[in-house]
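Participant: Work the whole structure out from these sequences, hints included.
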Amino acid sequence: MIRVQAENFDVGAEINALSHGNTAIGGICSFVGLVRDFQHTKEDETRVSAMTLEHYPGMTEKKLEEIEAIARDRWPLEDVLIIHRYGRMEPGENIVLVVTASAHRKAAFESAEFLMDFLKTKAPFWKLEEDDNGAGNWVDAREADEDAASKWNR
Amino acid sequence: MIRVQAENFDVGAEINALSHGNTAIGGICSFVGLVRDFQHTKEDETRVSAMTLEHYPGMTEKKLEEIEAIARDRWPLEDVLIIHRYGRMEPGENIVLVVTASAHRKAAFESAEFLMDFLKTKAPFWKLEEDDNGAGNWVDAREADEDAASKWNR
Amino acid sequence: MKILYFAWLRTTIGCTEEEITLPDNVTCVKEVLNHLRSKGGVYEQALGEDKVIRVALNQDYVQDDAPVSNNDEFAIFPPVTGG
Amino acid sequence: MKILYFAWLRTTIGCTEEEITLPDNVTCVKEVLNHLRSKGGVYEQALGEDKVIRVALNQDYVQDDAPVSNNDEFAIFPPVTGG
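Line by line, the protein sequences are chains F, S, A and D. For the first sequence, position 153 (counting from the first letter as 1) is numbered 153 according to my numbering, and the numbering increases by one without interruption. Quick note: to get my numbering, add 1000 to the position in the second sequence (first position is 1). Quick note: to get my numbering, add 2000 to the position in the third sequence (first position is 1). Quick note: to get my numbering, add 3000 to the position in the fourth sequence (first position is 1).
No lab work stands behind these hints, which were simulated from the structure alone. Everything numeric in this text was worked out from a predicted model, so none of it was measured. We put the CB at the ideal spot given by N, CA and C, even for glycine. Treat the hints with care, as some may be off.
Stated by the list, open to error - No more than 27 Å apart at the CA atoms, straight line, and that leaves these computed lysine-lysine pairs for DSSO-like:
1. S:Lys-1151 x D:Lys-3051
2. S:Lys-1106 x F:Lys-106
3. S:Lys-1106 x S:Lys-1122
Claimed, not checked - Computed footprint of chain F on chain A; a stretch qualifies when at least three of its residues, placed anywhere within it, have a C-beta under 8 Å from a C-beta of chain F:
4. 2001-2009
5. 2073-2080
Facilitator: Here is the structure:
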């Protein structure tokens, strides 16, 4: 299941709801991404005070559904949940959640990592960071994310 | 932090508590292992009706603390939680939980998988399965678990 | 054709969405980009050869040589940074 | 020396924990196992050469040649199956 929403979500409640009552599940892996209050470099101590995630309504849902289908095709999964927020968020807030449930530990771990790697490189979201000087900066894509995603093609 | 306990735990509440208020955390990975109601083979449709986890009090805590220390040494982690139950559990019940929090997604995923692989091969727990015929069987160690753990030495 | 802009392409061009009619000689993605660039000003600035952009046609990623028509939804945006 | 048994070793030998005094010629892990095996019966059955067992000395995994003393806690168990 996928959800694209502006509202926050309760990580614990989502995980608890997903596992409930299915005794074929042997393991549930989850990953939640949060807004970090990080300083850019040692020299530039500016911290992120908030960020806004822009997205492409319609294409976002389509891509998340495709990514879920690929994961289900590739691993024996009992259940999959992807939630991705858009809009303005402050440090400590949830951005994204993936949860995968499988009979097997390795399938749960691998598919959750796959989902995150693909979200990072395929889902049409763009981060605009506001620093504590009030400036807004569009975040550049990271080559490391492309590398992480490309390993699943091997 | 590690906990060895007979009581069940609330996965969602544990994850929510761990993340609370630390804005250096960019990602939290969790894995929960549950008792499966699985049939042993296609020919033998006997299902597991419950299992009892025996452990070695004292050594268990020592090994979990060692495993946590290795993970913290190897990855930049903001927080680590390991909970492992012992005693009798029925299908659908939680057995084990690991949660790792880091600034970085890859560190959170890798360290959680490492913790599970090491728990499987180093933590002194032994599973006694009861099948629906009332028979009790000590579960054999799986070679696949040893293989999974050994990859972290590469 | 409906053109959508996202992230810094949207803020540079100053427009979220616009409707254009394709000239007859514009038949693929690369030609749409050249056509927009030929409008000069902020278009030239946003779509310059030095810029790294992605195109989605009807909400799927496409390459430069994908064929286009006036009924398509054509989105231009930077590499994604969600997750 | 305190000897602890877990899982099927416990159920086969029928004992959770016992105290033994090491003979002078028993100075390493392998010799403790041989000493116990020499008691015959369920000990021989549980500790036979065909059995896969692990030993922890004072709650750390050890190899066959690790030195032992009467003050040690010596645990015998099958490969672990938790997690």
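Participant: Which hint numbers does the structure go against, in order from smallest to largest?
Facilitator: Violated hints: none at all, because every hint is consistent with the structure.
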